[in-house]
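Numbering (the working numbering), first residue to last: 1 to 222.
Simulated from the structure, these hints should not be mistaken for laboratory data.
Bear in mind that the values here come from a model prediction, so they are computed numbers and not experimental data.
Take these hints with a grain of salt, some might be off.
[What the hints assert, rightly or not] Think about it this way: if two alpha-carbon atoms lie no more than 27 Å apart in a straight line, the pair counts; the simulated DSS-like pairs of lysine-lysine are:
{"#": "1", "residue 1": "72", "residue 2": "50"}
{"#": "2", "residue 1": "72", "residue 2": "47"}
{"#": "3", "residue 1": "110", "residue 2": "173"}
[Claimed, not checked] Label-pair distances were calculated between CB atoms; the ranges are:
{"#": "4", "residue 1": "101", "residue 2": "189", "range": "26 to 32 Å"}
{"#": "5", "residue 1": "168", "residue 2": "45", "range": "42 to 48 Å"}
{"#": "6", "residue 1": "103", "residue 2": "45", "range": "22 to 28 Å"}
{"#": "7", "residue 1": "121", "residue 2": "78", "range": "18 to 24 Å"}
{"#": "8", "residue 1": "131", "residue 2": "74", "range": "40 to 46 Å"}
{"#": "9", "residue 1": "127", "residue 2": "174", "range": "35 to 41 Å"}
{"#": "10", "residue 1": "107", "residue 2": "69", "range": "49 to 55 Å"}
{"#": "11", "residue 1": "168", "residue 2": "101", "range": "26 to 32 Å"}
{"#": "12", "residue 1": "130", "residue 2": "158", "range": "16 to 22 Å"}
{"#": "13", "residue 1": "129", "residue 2": "37", "range": "36 to 42 Å"}
Cβ coordinates follow ideal geometry from the N, Cα and C atoms, glycine included.
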Amino acid sequence: MDQNASRVRAEDIEECLGQVGEIKAARVVVGIDGQITEIHILALPTKSPKQLVRDIESTLMAQFGIPIDHRKISIAQLGRESIPDAPEQVRPSAARPRIVNINASVSGMKATASVTLEIAGREFIGMASGPASQTGRLRNVAGAALDAVGQYLGEDTTFALEDVAVVQLGREKVAVACISLVTHFGEQAFSGSALVRQNDSDSVVRATLDAINRRIALLTIE
Numbered sequence: 001m002d003q004n005a006s007r008v009r010a011e012d013i014e015e016c017l018g019q020v021g022e023i024k025a026a027r028v029v030v031g032i033d034g035q036i037t038e039i040h041i042l043a044l045p046t047k048s049p050k051q052l053v054r055d056i057e058s059t060l061m062a063q064f065g066i067p068i069d070h071r072k073i074s075i076a077q078l079g080r081e082s083i084p085d086a087p088e089q090v091r092p093s094a095a096r097p098r099i100v101n102i103n104a105s106v107s108g109m110k111a112t113a114s115v116t117l118e119i120a121g122r123e124f125i126g127m128a129s130g131p132a133s134q135t136g137r138l139r140n141v142a143g144a145a146l147d148a149v150g151q152y153l154g155e156d157t158t159f160a161l162e163d164v165a166v167v168q169l170g171r172e173k174v175a176v177a178c179i180s181l182v183t184h185f186g187e188q189a190f191s192g193s194a195l196v197r198q199n200d201s202d203s204v205v206r207a208t209l210d211a212i213n214r215r216i217a218l219l220t221i222e
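Model the full assembly from the supplied sequences, consistent with the hints where possible.
Take a look at the structure:
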C-alpha cells in the first residue's frame, strides 16, 4: 500500500491534474483505505490517450510521489471540433478554482461571507449575506463561492444554490451541496460533497466547488 496516496486529498490531485495542458477535468476516486482506485480524465484530443496516461503517471510521481497503475486511468477525449483555432480562444487549463480565503462574520441578525477564489491565475472575491441562522451562515459561504465563480464565467452562465448542509455519516461529518446550472438552454442540477477536515465553512465551499468543477471545465471551452 502506498502511504503517500493515503496522505494526499483527492481534491489536491484533481487540482494538480487540471494544470496539465490537455486535461479539461479530472476526477479521482479513492477507496475506504484512502488509496486511489480510479482516475477519470476529460481531455482535448491533442495527444493520444497513451501519452496522456504517461503524463498523468509522471505528474503524480513528481508532485506527490505516488506511483499509479495505468489501468486505473480512464481517458475521455472531446471531439476535434473542441480544439480552438488559436491558443487565446481557450481559457487556461487552471480554470479549476483554488480557495484563497474564506471570511464569515455576524452582526446582529445578519451574517455576511466573502470567499476569494483563484481561477486561471486571477483572484475573484464573491460575497453573500443573509440571516445569521446556522443554515443561513452555511448558505452564505456557498453563495459567496458561487458569486466568485460567476464573476469568472460571465453573465451567460449562472450557478444557483439549491441547498447545503453538514451531515453526520458514520463517524465523519460531511458537507453536501446541491447546485443548479442555469443557461439559455435550460437548468441542470449537480451535487458535491467534502469531508469536514478544518471547519464547516471550508468544507461547504469545497462541497460547492466539487459540485461544479467539472462543469466549469466544460464551460470554459470556447
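Okay, which hints does this one fail, numbers in order? 6, 9
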